[in-house]
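Once you've looked at the hints, dock chain B against the given chain A.
Number of protein chains: 2
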Amino acid sequence: MQYKLYYWPGIQGRGEFVRLAFEAAGADYVDVARLPASRGGGVAAMMKLMQSGAPNAPLAPPFVVAGDETVAQSANILAWLGPSLKLVPRDAAARRRAHQLQLTLADFVDEIHDTHHPIATHLYYEDQKPEARKYAAAFRKHRLPKYLGYFEQVLARNPAGPAHMIGRRLTYVDLSMFQLIAGLRYAFPRTMAGVEADYPNLVALHEAVARVPNVARYLASKQRIPFNQSGIFRHYPELDR
Amino acid sequence: MQYKLYYWPGIQGRGEFVRLAFEAAGADYVDVARLPASRGGGVAAMMKLMQSGAPNAPLAPPFVVAGDETVAQSANILAWLGPSLKLVPRDAAARRRAHQLQLTLADFVDEIHDTHHPIATHLYYEDQKPEARKYAAAFRKHRLPKYLGYFEQVLARNPAGPAHMIGRRLTYVDLSMFQLIAGLRYAFPRTMAGVEADYPNLVALHEAVARVPNVARYLASKQRIPFNQSGIFRHYPELDR
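Protein chains in written order, with this note's numbering: chain A, 1 to 241; chain B, 1001 to 1241.
By construction, these hints were calculated from the structure, which means they are not laboratory data. Predicted, not measured: the structure shown is a model, and the values here were computed from it. A few of these clues could be false.
To be verified - In silico lysine-lysine, DSSO-like type, Cα no more than 27 Å apart, as pairs:
1) A:K86 with A:K4
2) B:K1146 with B:K1134
3) B:K1048 with A:K146
4) A:K146 with B:K1146
Unchecked claim - Interface residues of chain B toward chain A, partial, derived using beta-carbon atoms under 7 Å:
5) L1059
6) V1071
7) N1076
8) R1097
Glycine is no exception: its CB is placed at the ideal position from the N, C-alpha and C atoms.
So that you can see chain A by itself, here it is in the shape it has in the complex (with noise of 0.2 Å):
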C-alpha cells in the first residue's frame, strides 16, 4: 500500500519524524503537498483535507493517509506505522514505552520551536525577540539539560545496550532522536558544542543512525530538506550560548 504524507513543503518540521520512519523503512510513499498541483500535489491538496468536513479531519498538519484511514498526530502516526514499517519491538509493553518515550521528545520539540515563538505562532520571531531571548536562556540552562540528561540516562539503562532507546533494533524512536541531535546542532550550535560530551551515547545513536544506508541515501538526497529559517529548529546566534 502506498502511504500519502501531507505535511508542509518547504521545512523538515514534526513532518520529519514521519519522512524518517518512511525512508528508512523504505516505504512506498509520497509527499502530497510537495507534488505539483498538476499531480494533485501542493499546499491546497491539505488544505482540502483539512476542510473537507469529514469526521476524522485533522486540525494540522502532519498526517497520513492509507486506504480509507486518515491519522494525523506524529507521534501516533509512528505509533500506528510503527508495527508494519518494523520500527518498533513487538510486545505491547515495549511499544507502550516507545510511545511514551516520542511523546516526551515532542514535548522538548515544543519547546524548542518556543525557543524563537514564545508568544504568539502567529507573529515573526522578529515581533518577539525580547521575550525569545529570555525564553532561550532558560531553555539553555534548565530545560535542554533536563531532557538531554533524560535521553541519555535511557540509552544507558536499556537492558539490551545503549545502541538504541528500546530494544535490540533500530525503531523510530532512535530516527527521532537523530533528528532531535542534528536539529538541536543547526539551532544552537555554541551550546551543543559545549555539552556533547555529557552525553556520549546520544551523539553515538546520532551518528549510527546518519550511517544507515536508508537514511544515509535520504540525507544526501534532495529528498531531505535543508534545515532553515521557517522550520522548528532555527538558527538565530543571539538566542545560542
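Structure of chain B alone, referenced to chain A:
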C-alpha cells in the same frame, strides 16, 4: 487489579485527565502521592520511582503503575487504560482517532499552561507577567477559538451524533473535554461567557459529563481537588478579557 496513580498531590493538572477516567469507570485505584508517607505515599514515593534508575523510569508525572508495568504521558496512559476501563470504542481505527483527539487536546492544554508561564516553568508567574499578558491576548484571540472551533466541529460531525467526541458512548476524550471546558471557565470566565454561544455542543457535552453518576459523585467529593492557582488552569483576571 489495583492501579497506582502518581501525580502531584495539590493540583488537578495533567493527572486529572487520568483521575476522571478512573472515577468514571469506577476503577480500583490509589492516588499514591496523596496518601500519607506512613502508608507509602507522599511526593517522596513518587520521586523515588522517577529516580529509580529503572529503564522505564518516567521523566515526569502523571504515571500509572499496574502490575510490573509503569506508563507515563497522560494521553499514552489513557490509550493504554481506555479498553480495560471501557472508555474507548472497540475498533482499532476509532482508538487511533480517540488518541489523536486526546493529543490535540493535550497540545491545547500546553498552550493554556503557557498563558501564565510563557517564558520559563521554573519562574513564578509574577516574574513573567508582561509576557503572560501578551501571550494570553494572542491566546484568547487566535488559539482558543481555533481549538474550540475544531472540537465543536468534531462533535457536530460525529456520525453517531453530537453527544460524544467519538462513537455513541462515553469515552476518555469526552471526560477530558469536560475538564477542558471546566478549566477554561475557571481561568477565563469573562472570555468564556462571551464565546460559549459559539460552541453549543461542547457546552452540552460538559453538562452531560458532569451528570454521569460516577463523575457527579466524584466532583462533589473531597477527592476532587478544587481548581487553584498552582495548577494548569489559573485565574488571573488580568489575563482574561
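Now the hints, each set against the structure:
In summary, the hint linking A:K86 to A:K4 is supported, as the alpha carbons are separated by about 18 Å, within the 27 Å threshold. A C-alpha spacing of about 18 Å is found between B:K1146 and B:K1134, which places the hinted pair at or below 27 Å, so the restraint holds. Distance check on the hinted pair: B:K1048 and A:K146 sit about 17 Å apart at the alpha-carbon level, within 27 Å; holds. A threshold of 27 Å between alpha carbons decides the hint, and for A:K146 with B:K1146 the separation of about 31 Å lies outside it, so the pair is violated.
Residue-level restraint check for B:L1059 holds (minimum Cβ-Cβ distance to chain A is 5 Å; threshold 7 Å). For B:V1071, the suggested interface contact is upheld, since its CB lies about 6 Å from the closest CB of chain A, less than 7 Å. Checking B:N1076 against chain A: minimum C-beta separation of about 5 Å stays under 7 Å; hint holds. With its C-beta approaching chain A no nearer than about 6 Å, B:R1097 sits inside the 7 Å limit, and its interface hint holds.
Of the numbered hints given earlier, the model fails hint 4 alone.
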